[in-house]
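Could you slot chain G onto chain X? The hints should help.
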Amino acid sequence: MTATTGTQAQGRTTTGAPPPGRRRSNPSVGHFVGTVLKAVLCAVMLGFFALPLLWLATAPFDAAPSLSVSWPQWTLANFRTMVENPYALGSLVNSVLLSLGVVVLVLTLGSIASYALSRVVIPGRDALLYALLLLSSIVTGTAAMVPTFQLMNQLRLIDSQVGVILVMAAGVMPTVIFILKDFMDTVPKSYEESARLAGAGPLRILWDVVVPIARPGLATIAVWSVVQVWGNFLVPYILLRSPDKQPAAVVMYTFYTEGGQPNLALISTFSLLFSVPVVAMYFFVNRKFGFRFHGGIKS
Amino acid sequence: MSRPTDAAGALPAVVTGGVRRGSARHSDVAGLGRARAGAFVAPALALVGLFLVFPALWTAYLGMTDYRLTGLSAQAPNFVGLDNYTDTLTDPAFHASLRLTLVFVLLSGVLGQSLLGFAAAWVLRTTNRAVKSAIEFLVLLAWIIPSSVVSFLWIALLDRGDGTLNAMLGTEGMSWLTQYPMTSIIVFNIWVGTAFSMLLFSSALASVPPSQLESARMVGASTWQQLRDVVLPHIRGHILTNTLLITLWTFNTFTPYLLTAGGPNHESEILPVYIYKVAITGGRLGVGAAISLIMLLINLVIATVYLRVLRERK
Numbered sequence: 001m002t003a004t005t006g007t008q009a010q011g012r013t014t015t016g017a018p019p020p021g022r023r024r025s026n027p028s029v030g031h032f033v034g035t036v037l038k039a040v041l042c043a044v045m046l047g048f049f050a051l052p053l054l055w056l057a058t059a060p061f062d063a064a065p066s067l068s069v070s071w072p073q074w075t076l077a078n079f080r081t082m083v084e085n086p087y088a089l090g091s092l093v094n095s096v097l098l099s100l101g102v103v104v105l106v107l108t109l110g111s112i113a114s115y116a117l118s119r120v121v122i123p124g125r126d127a128l129l130y131a132l133l134l135l136s137s138i139v140t141g142t143a144a145m146v147p148t149f150q151l152m153n154q155l156r157l158i159d160s161q162v163g164v165i166l167v168m169a170a171g172v173m174p175t176v177i178f179i180l181k182d183f184m185d186t187v188p189k190s191y192e193e194s195a196r197l198a199g200a201g202p203l204r205i206l207w208d209v210v211v212p213i214a215r216p217g218l219a220t221i222a223v224w225s226v227v228q229v230w231g232n233f234l235v236p237y238i239l240l241r242s243p244d245k246q247p248a249a250v251v252m253y254t255f256y257t258e259g260g261q262p263n264l265a266l267i268s269t270f271s272l273l274f275s276v277p278v279v280a281m282y283f284f285v286n287r288k289f290g291f292r293f294h295g296g297i298k299s
Numbered sequence: 001m002s003r004p005t006d007a008a009g010a011l012p013a014v015v016t017g018g019v020r021r022g023s024a025r026h027s028d029v030a031g032l033g034r035a036r037a038g039a040f041v042a043p044a045l046a047l048v049g050l051f052l053v054f055p056a057l058w059t060a061y062l063g064m065t066d067y068r069l070t071g072l073s074a075q076a077p078n079f080v081g082l083d084n085y086t087d088t089l090t091d092p093a094f095h096a097s098l099r100l101t102l103v104f105v106l107l108s109g110v111l112g113q114s115l116l117g118f119a120a121a122w123v124l125r126t127t128n129r130a131v132k133s134a135i136e137f138l139v140l141l142a143w144i145i146p147s148s149v150v151s152f153l154w155i156a157l158l159d160r161g162d163g164t165l166n167a168m169l170g171t172e173g174m175s176w177l178t179q180y181p182m183t184s185i186i187v188f189n190i191w192v193g194t195a196f197s198m199l200l201f202s203s204a205l206a207s208v209p210p211s212q213l214e215s216a217r218m219v220g221a222s223t224w225q226q227l228r229d230v231v232l233p234h235i236r237g238h239i240l241t242n243t244l245l246i247t248l249w250t251f252n253t254f255t256p257y258l259l260t261a262g263g264p265n266h267e268s269e270i271l272p273v274y275i276y277k278v279a280i281t282g283g284r285l286g287v288g289a290a291i292s293l294i295m296l297l298i299n300l301v302i303a304t305v306y307l308r309v310l311r312e313r314k
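Residue numbers (UniProt numbering), protein chains in the order written: chain X, 1 to 299; chain G, 1 to 314.
Chain X extracted, bound-state conformation (with noise of 0.2 Å):
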């Protein structure tokens, strides 16, 4: 870093020196600024973004963390802590399960339903669409978190993770069609063609042919719902009542030792273990298919 600041405002100062006028030099102090602003953004944005990381990395591992970043004395006593907790690893069972019921459920009908509307024009079909992406954007979670709970209460799916999944899986659902039709749209029709005059029915083209040809569309809006899925705390918080149905992203904050503080040895290692998945599941994703700029991954 600070080479290439160096040899930049170095190679701009000989071309404009020796500076007769006020005119002349301030292109060359403008740009001496200008790259020490650079150095500055640069360091204050590091360190912006990974002071309140460092704990993350530090606590899990110190024989005894406090709410204060410091060289650990290493140690992985706190993971055995983490485990013999009866609420922690089952919610994080509870997390993966909400997440697959969610994947499973968007994914099948999401599908199925992307695909009849790329290949057929039902009337209203432009609207439909339309109102969807309408929909997912304004019906979000806190804003229909009232009524949602008085649905859930009247259906009797209060403290049912059928309930989180169905909600979680509608509130999905508007972005997930909208964009597996425009990756249905680019599967070529000539297979389709030739399936069909081998004999396959609808099904049967969608599963044999046209789903293979779109799995990453498929997979990308696979790992976009579980991570909406994974982090949501609202919507678990609201309508689950049992400990040991709540998801990981609830969990977290109840767990406090006797004399009523925060357990940092639990909570430490628990938030590294439920970041991690996502984290990697990004990145994995990131590399293979590359939609980062896209910027659709997370809300």
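In case anyone wonders, no lab produced these hints; they're calculated from the structure.
Check each hint, because a few of them may be wrong.
[What the hints assert, rightly or not] Selected chain X positions facing chain G (in silico; Cβ < 10 Å):
hint, residue
1, Leu51
2, Pro52
3, Leu53
4, Ala59
5, Phe61
6, Trp71
7, Leu109
8, Ile122
9, Leu128
10, Leu135
11, Asn153
12, Pro202
13, Leu203
14, Ser242
15, Tyr256
For each residue, glycine too, the CB sits at the ideal point set by N, CA and C.
This is chain G only, laid out in the frame that chain X set:
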């Protein structure tokens, strides 16, 4: 992320107008036929209809009752007409919350995330690779790590007793979250959400022809002039998209609740937290529904503007 990671994922930024396209090529090669196609679409629509559309529409009715979580009106709610709406719209607590939300969206979303995201994208273009990927990695981590975890990281950072910030600044015993609750959640939200703007603007900047920047530099244009005269006209559309999406997400985020729970004394009670407290904690479902509807309408306005803009750009 969310931000903004609330149930209904937000508007996909990926979308580039499947609505507009498509009608040109619709050969029904699989031999679906309209009836069967309808049957294919129906299950997904049923799910969306029951758990997304119905609750949204039902809000309007619920908002006209005195529905409560417990007690007499939980059994037999009375119809109270527009009382909840007039009460809400004249309630100083609602006004206060709306004002806080406005400040929150403006400072943390529209200004904070957009400006920092743009600055990062602009500076990182010409930074050396190691620094660039380090910064990008950290900014992305802040965005990807689940909101429950990042909230706790900030609670640890800002803790009164032995938070890292106090240790660094030597401000022992300073309780940031109760002394400066709004500032805290604003900075927090900038930290969480800048990644999106950074990604969007770096791909936007990549679309600016280097030759134009080069010739601007040749004639001695300052960085500011280059930004204004060369870059800005190219990325105007991206700026709009970014601003509208960020507005929508910041407006709907519930995560600050995990930091301050709206407190102390309602000082950081942005609208989503306010609804939660009125309806779920306070048990006044009817009033909560009325506020929800107001929130849905605001979302509708923002989203409509966004879709308008998106259409005009094509």
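Checked hints:
no., hint, verdict
1, Leu51, "7 Å, holds"
2, Pro52, "4 Å, holds"
3, Leu53, "6 Å, holds"
4, Ala59, "8 Å, holds"
5, Phe61, "15 Å, violated"
6, Trp71, "13 Å, violated"
7, Leu109, "4 Å, holds"
8, Ile122, "6 Å, holds"
9, Leu128, "8 Å, holds"
10, Leu135, "6 Å, holds"
11, Asn153, "9 Å, holds"
12, Pro202, "5 Å, holds"
13, Leu203, "9 Å, holds"
14, Ser242, "17 Å, violated"
15, Tyr256, "12 Å, violated"
Comparing the model with each numbered hint stated earlier shows that hints 5, 6, 14 and 15 do not hold.
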